[in-house]
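Keeping their order, the protein sequence lines are chains A and B. Take 1 as the starting number for the first sequence in my numbering and just add one per residue. Take 333 as the starting number for the second sequence in my numbering and just add one per residue.
Hints in this document: simulated from the structure, not taken from any laboratory.
List time: in silico DSS-like cross-link candidates among lysine-lysine, alpha-carbon distance up to 25 angstroms:
#  : chain 1 : residue 1 : chain 2 : residue 2
1  : B       : K452      : A       : K241
2  : B       : K448      : A       : K241
3  : A       : K241      : B       : K443
4  : B       : K452      : B       : K464
5  : A       : K322      : B       : K474
6  : A       : K230      : B       : K456
7  : A       : K230      : B       : K448
8  : A       : K98       : A       : K108
9  : B       : K443      : B       : K456
10 : B       : K410      : B       : K448
11 : A       : K241      : B       : K456
Examples of chain B residues toward chain A, derived with CB under 7 angstroms:
#  : residue
12 : L397
13 : G416
14 : F423
15 : S427
16 : W431
17 : Q444
Every residue, glycine too, gets a C-beta built ideally from N, C-alpha and C.
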Amino acid sequence: MSTTAVKLDNATLTDRALKGWKNIVNKFSDALLLPLTGIAIFLFLWTISAASIHTSLGEFPGPSAVGEQFSSLYDEYITENEKAEAFYQRQEVRNAKKLAKNPDAVVKIRAYTGKETFLDQIFTSLITVTSGFLVAAIIAIPLGIWMGLSKRLNSAFNPIVQVFKPVSPLAWLPLVTMVVSALYVSDDPMVSKSFLTSMITVSLCSLWPMVINTSIGVSTIDSDLLNVSKVLRLPTSTHIKKIVLPASIPMIFTGMRLSFGVAWMVLIAAEMLAQNPGLGKFVWDEFQNGSSNSLARIMAAVIVIGFIGFLLDRLMLQIQRKVSWDKSNLSV
Amino acid sequence: MNSIIENTEHAFLNISQIDMVFPTPTGGFTALKEVDLQINKGEFISLIGHSGCGKSTVLNIVAGLHQATTGGVLLKNKEVNEPGPERAVVFQNHSLLPWLTSYQNVELAVKQVFNKTMSKAEMKDWIEHNLKLVHMDHAMHKRPDEISGGMKQRVGIARALAMQPEVLLMDEPFGALDALTRAHMQDSLMEIQNELNNTVIMITHDVDEAVLLSDRIVMMTNGPEATIGEILDVNLARPRNRLALAKDVEYNRLRSEVLTFLYEKQRKVENISEKKTVAKVTPKQRINN
Numbered sequence: 001m002s003t004t005a006v007k008l009d010n011a012t013l014t015d016r017a018l019k020g021w022k023n024i025v026n027k028f029s030d031a032l033l034l035p036l037t038g039i040a041i042f043l044f045l046w047t048i049s050a051a052s053i054h055t056s057l058g059e060f061p062g063p064s065a066v067g068e069q070f071s072s073l074y075d076e077y078i079t080e081n082e083k084a085e086a087f088y089q090r091q092e093v094r095n096a097k098k099l100a101k102n103p104d105a106v107v108k109i110r111a112y113t114g115k116e117t118f119l120d121q122i123f124t125s126l127i128t129v130t131s132g133f134l135v136a137a138i139i140a141i142p143l144g145i146w147m148g149l150s151k152r153l154n155s156a157f158n159p160i161v162q163v164f165k166p167v168s169p170l171a172w173l174p175l176v177t178m179v180v181s182a183l184y185v186s187d188d189p190m191v192s193k194s195f196l197t198s199m200i201t202v203s204l205c206s207l208w209p210m211v212i213n214t215s216i217g218v219s220t221i222d223s224d225l226l227n228v229s230k231v232l233r234l235p236t237s238t239h240i241k242k243i244v245l246p247a248s249i250p251m252i253f254t255g256m257r258l259s260f261g262v263a264w265m266v267l268i269a270a271e272m273l274a275q276n277p278g279l280g281k282f283v284w285d286e287f288q289n290g291s292s293n294s295l296a297r298i299m300a301a302v303i304v305i306g307f308i309g310f311l312l313d314r315l316m317l318q319i320q321r322k323v324s325w326d327k328s329n330l331s332v
Numbered sequence: 333m334n335s336i337i338e339n340t341e342h343a344f345l346n347i348s349q350i351d352m353v354f355p356t357p358t359g360g361f362t363a364l365k366e367v368d369l370q371i372n373k374g375e376f377i378s379l380i381g382h383s384g385c386g387k388s389t390v391l392n393i394v395a396g397l398h399q400a401t402t403g404g405v406l407l408k409n410k411e412v413n414e415p416g417p418e419r420a421v422v423f424q425n426h427s428l429l430p431w432l433t434s435y436q437n438v439e440l441a442v443k444q445v446f447n448k449t450m451s452k453a454e455m456k457d458w459i460e461h462n463l464k465l466v467h468m469d470h471a472m473h474k475r476p477d478e479i480s481g482g483m484k485q486r487v488g489i490a491r492a493l494a495m496q497p498e499v500l501l502m503d504e505p506f507g508a509l510d511a512l513t514r515a516h517m518q519d520s521l522m523e524i525q526n527e528l529n530n531t532v533i534m535i536t537h538d539v540d541e542a543v544l545l546s547d548r549i550v551m552m553t554n555g556p557e558a559t560i561g562e563i564l565d566v567n568l569a570r571p572r573n574r575l576a577l578a579k580d581v582e583y584n585r586l587r588s589e590v591l592t593f594l595y596e597k598q599r600k601v602e603n604i605s606e607k608k609t610v611a612k613v614t615p616k617q618r619i620n621n
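With the rest of the complex left out, here is chain B (with noise of 0.2 angstroms):
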């Protein structure tokens, strides 16, 4: 712990402190409370909660598409105050422009990021590299609706890569995909991180996912006044297998913590069902009992 806390002012992304208060007409919804959390170069960090715990919008504040109501953002110690391609997003549904091919839409990217330091040639080499690494130069000219679900996310996650980021945020990423579709896609990413070493903050729902693809695990309470609860180091040797792994002790013993901790310590979806059934009970109902 006391490391973390004396390399706070050298950290590469450093979330500092954050509270979120959106406006409502009943006055101020406090989403997000001191979130803090400091991320090194290369670090592969997974968001996991609950829904509504306020995942996205630690994201979306990374992002720069929202300003957090106090506290900040700092990446390379610069305040992060805007969006920008240096901090990527890949999008949950995969948000490809419909009327662009594959090549195209990552050629918007390309050309707004490199256009004073690459040549036409270049670009078009840089391109097509990208597309190869998530194994899509084999539809490079196709539209949108035209390829699958799947390939569309690759395809979003070239359009990311290709920026170069200095980080790559990834919001649910795989979480519209069926499950064997998903798990390609993990293996796809876990293959491009091992070359690429990018350093990345992926929100992920599943478990597995989570464990298989992180370095840590950041593990959000439920909101509002939504924070971190707990951190886990996850010190697997990469590259990691997913079947070598399903027998593996320490694997084994990182999935249930984060199962304890959303299904024991964070329990939503009970307790939203324990309150109903306590709201039913009407006070006629109580004198009949």
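The following block holds chain A by itself, in its conformation from the complex (with noise of 0.2 angstroms):
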């Protein structure tokens, strides 16, 4: 009898421990083994199919074609900062032998204009995309909490918005262009016209999905809370601090990730259009050159574009996190 027992409690011993290696195994999986497949199988696609595309500028990159890009586009990124440093040194020397000569001697300074690089251009569309989106965010939110809290005020301008917002950025660009190099005249201008024109287009652009998330948001708050404003007596301005903000976060923030996406969006086209620094001009410069790498480099700007629109929108969503006290709705 109790040796019967033993082996029972054993059995079962045992298939509690497969059943702990079958959870890990499915987690391990679920999180790492699955998306690897699924890029391993992308790649594979991948290779096979531009294998046997030919066009005018070669055979279309592969993965590995695009992988050596990469890294080519590093090393030139390394080789134009060694070519500025040196420039700025010979500079150095060249206004301290001058000053040794005449202390009174005006030393001018001058700023290294070699070509922009791939990094250099990232960085660029980071800039403008974070400033046109912010511009944008300045107008948007308290434009939709007041159009949100009255009905007159949305009815008055909902259809402008609706009109304004499937407006696509090629079609503003431009307007703007010509309104910015009318306007925006300077001897010594803050910031370039290029940039302004790009910012003010993303601006344009990433307005609407924010008004109108904010607006709904804001009008459609529970009834319950504006009756518990309505009994305290809030004055206006605690009402929309204490009761409207906190209550519409969750929808501005959607707004604002939605906003986000289309402005990365429309920045690159812009940028494409307008020989304005950034991402959009090197694959423009690049499919204009027509080198035998162009292709390849234009693929890893593809790829490194949808990096940065993903790791931009995982941020959003982890100050999205940390602001909303609605934690439901955030899984993804």
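With the hints as a guide, dock the two chains, each given alone in a separate frame, to form the complex.
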């Protein structure tokens, strides 16, 4: 009797251990194995189909060609940096000599004007998209709150919002370019015209999702919460600060994430078309360049653009998690 | 009856000849017709009636959230025409701000009502005192999603009490709670009422709750054109104990009076089903019959 009991016990123990293992394996495969398999399949299909596409610029680049270009883009950045450093060093030495000869000499310090590398372009794009997005947020969120609070204001502005929302950045761009060059006239400009043009285009396109989501968030606040505010006779400022803003934060952030995604897409298109510095210009330049490496370099840029867009969205999600009280709908 | 009419002018809270007409696409819908009720200071009134009879509308008019079409509400001989903290409301689904802790929810009310008359330390004491009164001092710094439904309703009551209202308005405060929690909350409310002696108007669907808690039960007829059908005085000695009252003759008489009013004089559910069966009989069927 006792031996059978022990055997049974052993059996259940191994069973449990097996289940535990299965659990771990399942989790591991869900988190790592499946995505890796997906990527492997994608790379495989890419390699096969790339080999069979022949363009005027040679064979369509496969993963290995793109990988090579990644490293060469990085090398270019390093060499360019070294060049710049050498330039500044030479300038320093020259200026020191000048000063040694004549202490009163006026020393000129010139900035290095080398070719912009891929990493510089990424940096420029990030600055442009962020400032464009922030400008849009500063306008859109108060406007959205205002529209959400007042039905009449909503009726007044909603048609305009609905009409401008689907407008492509490419349609805005010529107008923005002309307006900027007409109005932004300065001998010593703080920022370049091209930066301003792309930034305003980004703002114009990322404004609308934020306005719409904010106004919906504000206008759909639970009427019980509004009644609480009425019973307490909260003044308007307190009402907005204590009830309206916290209640609509989840919707405001949904709008902001949508807008940031739109902003990033718009920026690349705007840079391409307007020849403003940034990733879009990099893509366009490579296309015009038409060397045998061009397609691989463009493909590298495409991957980087995707990754940055993904990371920006993750960043917004993290901020939302910090700020929002409603943790229920923040899984992805 | 005569004494009530004589007192009309001096009643603490005077709901005077209220009509409520809601505009609809097909013309006005008269929800309330000549609702007239005088309430003394410290009285506990229950409003009972079938759903849709306009109990909540009466409460919202007293709260100032709705405006009566004709007639009006006088509190201490002053007309009520907007919401205010002297007529605090306990809402059916607690309506706590989900991003604030229990303490902060009460604090929002206290800061708004007593910002000129209390120091910061006094406010803190007052908030804690009110949370203690509803036995919620142990979960002061928890947010609504971290506490149970009954606890949320307690905090909602604490928030209303903290405003030191002239009249406390409760819209089915325990309607969403399970039976055991509800009984517990009723006992708590009686205990608080014993201490503070507030003027209370409470909407309820629960006959036992109405008899147990009230000084008077106001029974409303079915809408449209709902009005006060009967008013029942509850002269049971306080403090009341639900177990002792279960066998009490007077308690059971009052209970059956309310039940008679609701299920004989104002039968609603039956009426609807009767209408439905009538409607189902089509001309063809009649011929066949």
